[in-house]
Amino acid sequence: MNFLSYLISGISLGSVYALIALGYTMVYGIAKMLNFAHGDVIMIGGFVVFTAISSSLTSPAVAIICGIVVCTLLGVVIEKIAYKPLRNATPLAVLITAIGVSYLLQNVALLVFGSASKNFPNIFKWCPDWHVTEGLTVSGVTIITIAVTMVIMIGLTLFIHFTKPGTAMQAVSEDRGAAQLMGVNVNTTISLTFAIGSALAAVASVLLCSAYPLLNPYTGAMPGIKAFVAAVFGGIGSIPGAMIGGILLGVIENLSKAYISSQLSDAIVFAVLIIILSLKPTGILGKKISEKV
Amino acid sequence: MKKGFMKKFAAVSMAVMMTVAMAGCGGGENGGDSSTEFVIGGIGPTTGATATYGEAVKNGAELAVKEINEAGGINGYQVRFEWQDDEHDAEKSVNAYNTLKDKGMQMLMGTATSTPCTAVVAKTAEDNMFQLTPSGSAVESIKGDHAFRVCFSDPNQGIASADYLAEKFAGKTVAAIYNSSDVYSSGIYEKFSAQAQEKGVKIVTAQAFTKDSAQDFTVQLQKVKESGADVVFLPIYYQEAALILTQADKMGLDVTWFGCDGLDGVIQQLGSDASLAEGVMLLTPFVADAEDEKTQTFTAAYKAAYNDLVPTQFAADAYDAMYVIKAAAEKAGITPDMSVSDICEAMKTAMTEIEVEGVTGTMTWSADGEPTKAPNAMVIKDGTYTAVA
Numbered sequence: 008m009n010f011l012s013y014l015i016s017g018i019s020l021g022s023v024y025a026l027i028a029l030g031y032t033m034v035y036g037i038a039k040m041l042n043f044a045h046g047d048v049i050m051i052g053g054f055v056v057f058t059a060i061s062s063s064l065t066s067p068a069v070a071i072i073c074g075i076v077v078c079t080l081l082g083v084v085i086e087k088i089a090y091k092p093l094r095n096a097t098p099l100a101v102l103i104t105a106i107g108v109s110y111l112l113q114n115v116a117l118l119v120f121g122s123a124s125k126n127f128p129n130i131f132k133w134c135p136d137w138h139v140t141e142g143l144t145v146s147g148v149t150i151i152t153i154a155v156t157m158v159i160m161i162g163l164t165l166f167i168h169f170t171k172p173g174t175a176m177q178a179v180s181e182d183r184g185a186a187q188l189m190g191v192n193v194n195t196t197i198s199l200t201f202a203i204g205s206a207l208a209a210v211a212s213v214l215l216c217s218a219y220p221l222l223n224p225y226t227g228a229m230p231g232i233k234a235f236v237a238a239v240f241g242g243i244g245s246i247p248g249a250m251i252g253g254i255l256l257g258v259i260e261n262l263s264k265a266y267i268s269s270q271l272s273d274a275i276v277f278a279v280l281i282i283i284l285s286l287k288p289t290g291i292l293g294k295k296i297s298e299k300v
Numbered sequence: 032m033k034k035g036f037m038k039k040f041a042a043v044s045m046a047v048m049m050t051v052a053m054a055g056c057g058g059g060e061n062g063g064d065s066s067t068e069f070v071i072g073g074i075g076p077t078t079g080a081t082a083t084y085g086e087a088v089k090n091g092a093e094l095a096v097k098e099i100n101e102a103g104g105i106n107g108y109q110v111r112f113e114w115q116d117d118e119h120d121a122e123k124s125v126n127a128y129n130t131l132k133d134k135g136m137q138m139l140m141g142t143a144t145s146t147p148c149t150a151v152v153a154k155t156a157e158d159n160m161f162q163l164t165p166s167g168s169a170v171e172s173i174k175g176d177h178a179f180r181v182c183f184s185d186p187n188q189g190i191a192s193a194d195y196l197a198e199k200f201a202g203k204t205v206a207a208i209y210n211s212s213d214v215y216s217s218g219i220y221e222k223f224s225a226q227a228q229e230k231g232v233k234i235v236t237a238q239a240f241t242k243d244s245a246q247d248f249t250v251q252l253q254k255v256k257e258s259g260a261d262v263v264f265l266p267i268y269y270q271e272a273a274l275i276l277t278q279a280d281k282m283g284l285d286v287t288w289f290g291c292d293g294l295d296g297v298i299q300q301l302g303s304d305a306s307l308a309e310g311v312m313l314l315t316p317f318v319a320d321a322e323d324e325k326t327q328t329f330t331a332a333y334k335a336a337y338n339d340l341v342p343t344q345f346a347a348d349a350y351d352a353m354y355v356i357k358a359a360a361e362k363a364g365i366t367p368d369m370s371v372s373d374i375c376e377a378m379k380t381a382m383t384e385i386e387v388e389g390v391t392g393t394m395t396w397s398a399d400g401e402p403t404k405a406p407n408a409m410v411i412k413d414g415t416y417t418a419v420a
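Protein chains in written order, with the numbering used here: chain A, 8 to 300; chain B, 32 to 420.
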């Protein structure tokens, strides 16, 4: 009974990680770079949606679309300005640039929106909580998050396997040089990857902020890192892996909080990560090359 | 990966800042004419994760300085207030202190947060510069006889909370949720649990969280629920408290919430869910909605000056800090042409002799720098803070 409720709260937390991890794994799988700014794009998305809703000119649906549009543009612009000039640089240089972009976004948000935390309205109030039994409740936001994550996961997998741009992505992922020789436009493909990844960030921002209604310029940073861990957990580059990794991370985190120590939960999560990576260096689903996007 | 990078980045920026600071030494072009005005420095985080506190301190201090100058200054001399950002980082704070010295600072009102304050207080001790922190609440933040503070120290809040619970909630069981990665929160909790034991308050469960896992509290709340506690002690800041109240409401947890000054701000944070804060109790020296005339005047002036922003306890502490400096300076009869060290000697004697009636209460100081003032128990009722009779 108690175990079940810990498990459910772990799945709720994990579903948010999973959703963010999809964006990480997508960009890594194709562009072969760790976009550390992903968490901060989520934060920007959160602020855009928050501003649109609190201006009360738009309905939540329109606000979410605003968020998706702004994040997509932001993702493409970041890629063009910060990452494209480094296309042939060492991976370390790109990584440092991504960290730089992350701080830039945080500080710009700090200037524009201020440091005080905003209270993000729960826009999924219409979805009723699911009372499994007495004292055991799954919140509406969790159900929506899991549903959205599943839909996105399936959609992305189909997109990558059955559309032309998706096949181009697979080609770029496998061998960038060869893909270019075969007439695939690498730059466009990578831009498209960033556009999709950032649009996912906007969706994630809405669900993250609805579940944990605290929005400030640092909101995206920690979930971003945890989601990155989740992506590595599941096998970075693997789309179903991101989902499994996210959920597992949330469950392990909450169970270790409940049964071992509420202070050590992060240490335990990372210890499990080390164990899994030493047994399976590519992560849980990292082996299946065919799943790589 | 990110943290390691941060350190390197900090090292490089330190080097740059030091070069700039040292270049400033020779010129002294910022020094001004030190014999015609007092130069009081202020340090706090106006960027970074704790920027809210630094901004509030800066605003509160600037408002007080403006009022003091309009009323004729201190001992007939105008006051110049110089501010530096420290991003809540000890090294940057020491740099900020050096920069302020170059600008001719004679007294320091700062720093706003505990960890940097602990680093800077060692520097002010070396220079024998008078230091008054508005809100550095860690014990070590005012080490030395030259440093004083306006706020309560963390242990004092913990002890006062345990005493209050022992008296008003005798026989009830208590649970605690605190942030083990934060000196403020864990500092209060440690003293609280020690004092609770002494006073016979039964703590049935103590749940911790860290700043890296400060979003999901369902497990901690579930544990509290299982423990059957009547009262939950929350020595934490209002951001996390807002999340805890929201999640507890979803779980149907029915307890009395009790916190310290960090909870001030929880009503605004909850926004449209402000009703969740009903019945939350807190021990705090300042709430913006208090009925007394002094608080109301301050709140109105602050709102007028800063775009309708509601002053927090940090703003009130800083506002009081400036008036405390004024009172002590007048008692000591210091003038701007005295040396920093002479000012400090005169000020630290005067501090123990004055009594200041500020917006955070009526305060006196002991030689170790701790203020004596009464904590007020407040309860949130109909969306405002009401004093508990």
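Warning: the hint list may mix true and false statements.
[What the hints assert, rightly or not] Coverage of chain A stretches by chain B, computed from C-beta distances (three or more under 8 Å per stretch; other residues unrestricted): (1) 71 to 85; (2) 156 to 170; (3) 183 to 193; (4) 199 to 208.
[Unchecked claim] Label pairs and their computed distance ranges (CB to CB): (5) A/V84 with B/A121: 34 to 40 Å; (6) B/D243 with A/A68: 46 to 52 Å; (7) A/W133 with B/A121: 45 to 51 Å; (8) A/L188 with B/D243: 44 to 50 Å; (9) B/A153 with A/N192: 43 to 49 Å.
[Claimed, not checked] List time: in silico EDC-like cross-link candidates among lysine to aspartate or glutamate, alpha-carbon distance up to 16 Å: (10) B/K256 with A/E141; (11) A/K132 with B/D261; (12) B/K242 with B/D280; (13) B/K281 with A/D136; (14) B/K281 with A/D273; (15) B/K412 with B/D320.
In short, the hints are calculated from the structure, not lab data. The beta carbon of each residue, even a glycine, is placed where N, CA and C say it ideally should be.
Results of checking the hints against the structure:
no.	hint	in the structure
1	71 to 85	violated (count 0)
2	156 to 170	violated (count 0)
3	183 to 193	violated (count 0)
4	199 to 208	violated (count 0)
5	A/V84 with B/A121: 34 to 40 Å	holds, 36 Å
6	B/D243 with A/A68: 46 to 52 Å	violated, 33 Å
7	A/W133 with B/A121: 45 to 51 Å	holds, 48 Å
8	A/L188 with B/D243: 44 to 50 Å	holds, 45 Å
9	B/A153 with A/N192: 43 to 49 Å	violated, 60 Å
10	B/K256 with A/E141	holds, 14 Å
11	A/K132 with B/D261	violated, 29 Å
12	B/K242 with B/D280	violated, 22 Å
13	B/K281 with A/D136	holds, 9 Å
14	B/K281 with A/D273	violated, 25 Å
15	B/K412 with B/D320	holds, 12 Å
Against the hints set out earlier in the document, violations occur for numbers 1, 2, 3, 4, 6, 9, 11, 12 and 14.
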